[in-house]
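First to last, the protein sequences are chains A and B. Using my numbering, the letters of the first sequence correspond one by one to residues 1 to 119. Using my numbering, the letters of the second sequence correspond one by one to residues 1 to 449.
Honestly, the hints are just simulated from the structure, not real lab data. You may find that some hints are simply not true.
What the hints assert, rightly or not - Mimicking EDC-like on lysine to aspartate or glutamate, the simulated pairs with C-alpha atoms at most 16 Å apart in a straight line are: (1) B:K359 - B:E393; (2) B:K314 - B:E231; (3) A:K53 - A:D82; (4) B:K163 - B:E141; (5) B:K374 - B:D313; (6) B:K374 - B:D333; (7) A:K105 - B:E212; (8) A:K105 - B:E141; (9) B:K36 - A:D32.
As the list claims (entries may be wrong) - Which residues of chain A face chain B? A few of them, derived with a C-beta cut under 10 Å, are: (10) A7; (11) G11; (12) C37; (13) G40; (14) I43; (15) N57; (16) L62; (17) N68; (18) G70; (19) L80; (20) T84; (21) V89; (22) P99; (23) A111.
Ideal Cβ positions, reconstructed from N, Cα and C, are used throughout, including at glycine.
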Amino acid sequence: MRTITIANRDGETFEVNSKRPILETLRDQGVDLPFGCKYGGCITCAAKLISGKVDQNRQVALNNRQINDGYIILCVARPLTDITIEIGVESHGNLYRNPFLDPLKPHELKADIATPKEV
Amino acid sequence: MECCGPGYSSPSEAIKAPREKLLYTIAIYTGTGIQKPDYLATVDIDPHSETYSQVIHRLEMPGIGDELHHMGWNACSSCFDDGSMSRKYLLLPGVRSNNIHIVDTATNPRAPSLHKVISGADIKSKTNLSGPHTVHCLGSEIIISMLGDAKGEAPGGYLHLNKDFEIEGRWENSMGDIKFGYDFWYQPRHNIMVSSEWAAPNTFMPGFDLEEVGHLKYGREIHFWDFEKKEPIETMYLGEDGLLPLEVKFHHDPDSSHGFCGAALSSNVIHWWKDNAGKWQWEKIIDVANEPHPEWPLPVPGVMSAILISMDDKYLYLNNWLHGDMRQYDISDPHNPILTGQVWMGGLLGKAPIVNGVKMAGGPQMFQLSLDGKRLYVTTSLFSTWDNQFYPEIREQGGVMVMIDCDPINGGMSLNEDFIVDFGKEPNGPSRCHEARYPGGDCTSDIWL
């Protein structure tokens with residue numbers, strides 16, 4: 001079991017099974033969360049990880065910039081530690097980006113096409 | 001010609017149909033932060049009615065997060081000779097949830113009701129498909145383009161439903177070398193179907209990374225199919241002229257081989273036709289130039305996400321979602337289109353920030369033309385995640401529907417000042433409207449055998 005704290009719901013906490021996706025375990029406990037595809041591909045359920053670690057290997061929606069900004073895909077992510085997150089559209093401040101105004105660098109693309117960061 | 005089935009005997013008969021009085025548009029809450037279901041809105045478009053230019057009914061879907069997008073009828077003029085069929089049901093697929101909602105619009109056209117839901121999970125398990133988009137019927141069969149497999153990977157395929165909305169399986173016999181799916185249209189007298197390309201659902205659903213175009217994660221080809229054999233026979237590589245080839249439309253005239261595709265990112269119209277030797281040809285006929293933006297490092301493309309052909313095949317309508325203009329071209333000579341009308345509404349270039357007193361968020365996006373070609377209804381939202389990238393203020397302001405008066409004789413278009421539907425004022429908060437259809441069939445629904 002892991003503890004999930006939802007920072008933008010007055011710090012409410014939930015005990016969850018760490019083997020199941022966070023979306024599922026939180027919804028089972030009555031948390032109203034947006035979601036769409038349930039396979040990690042559509043970004044509707046994105047949340048922001050404030051602290052702790054998750055395994056979200058199955059997600060294919062996020063580019064590396066979004067991952068570096070702390071975004072996680074709740075329908076596939078599982079908690080590896082106790083975590084604190086922000087949920088819902090209020091947490092999506094940096095999630096959406098105008099690609100003409102603010103292009104991605106090659107290392108910020110999605111994992112399958114990103115090139116390593118030059119140092 | 002009188003008959004007993006749905007629709008009209010020909011496009012010229014459709015033009016003579018009574019004026020539309022009701023319009024259906026989908027409205028979404030998916031991606032807006034409002035935890036409510038997407039819904040089908042009925043808009044009163046009868047100018048003699050007291051509730052003209054208002055939403056008069058809202059049919060909520062049973063779940064949250066579908067992202068309703070496009071719609072299609074269970075039957076159209078392709079069933080005109082079949083007295084056992086009627087245009088009763090509108091199919092509303094959810095792009096994200098994969099659920100397909102079957103809505104009864106005939107029992108009470110002003111207040112449609114939910115007839116059945118085909119569950120997205122059922123579609124995935126029986127066909128390994130997801131990401132439903134375009135719905136067409138032919139005879140009593142219903143075909144839906146599905147943009148991905150069950151995991152959201154391209155190219156997906158085509159879902160085949162029977163007239164009782166049961167899953168028959170996959171429609172196509174082969175996807176050939178097709179990389180992506182999106183829209184499709186067919187012209188049965190030429191035994192041809194044309195399909196276009198967006199991207200894999202897990203590429204376009206999270207939003208638009210421009211850089212992925214260069215990595216070939218978005219389409220740039222259109223495909224010609226042997227319609228009876230249900231397999232692709234020829235691919236047209238459009239290259240830089242055809243980045244994100246989205247909507248495809250044939251002439252309504254069932255004898256014509258001419259058709260058109262709007263390439264969204266290139267903002268070009270591609271024209272195809274069968275030459276005298278029976279070979280399919282294509283050319284670029286309209287090229288909307290990118291516009292500089294004072295604050296952006298890159299010039300702004302039009303983003304021509306939709307095209308529409310008037311029922312008399314004389315005019316082509318297109319949108320530039322980021323620039324903010326709707327255009328009308330005379331395509332009497334399809335090789336040489338002539339710009340005959342233009343209206344500005346919203347967009348990023350600042351040409352028309354307020355329309356009929358409503359501050360616009362978004363630009364012209366989907367549109368539906370009356371059968372007589374005189375009234376064009378235009379909405380402003382593209383797709384929730386893409387809206388959020390380009391027009392973040394749409395979260396607070398919602399979508400808008402406007403009407404443009406069109407002159408089908410001499411050409412020309414002007415904004416109608418008496419009509420506007422502000423989806424920013426919906427009872428559950430700002431929603432976003434997209435595709436629109438009328439009960440009797442419209443300019444993007446019917447195919448003639």
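Here is how each hint holds up against the structure:
no.	hint	verdict
1	B:K359 - B:E393	holds, 10 Å
2	B:K314 - B:E231	violated, 31 Å
3	A:K53 - A:D82	holds, 8 Å
4	B:K163 - B:E141	holds, 6 Å
5	B:K374 - B:D313	holds, 14 Å
6	B:K374 - B:D333	violated, 21 Å
7	A:K105 - B:E212	holds, 12 Å
8	A:K105 - B:E141	violated, 47 Å
9	B:K36 - A:D32	holds, 10 Å
10	A7	violated, 17 Å
11	G11	violated, 20 Å
12	C37	holds, 5 Å
13	G40	holds, 8 Å
14	I43	holds, 4 Å
15	N57	violated, 14 Å
16	L62	holds, 7 Å
17	N68	violated, 14 Å
18	G70	violated, 16 Å
19	L80	violated, 23 Å
20	T84	violated, 21 Å
21	V89	holds, 3 Å
22	P99	holds, 4 Å
23	A111	violated, 12 Å
Violated hints for the displayed structure, listed by number in ascending order: 2, 6, 8, 10, 11, 15, 17, 18, 19, 20 and 23.
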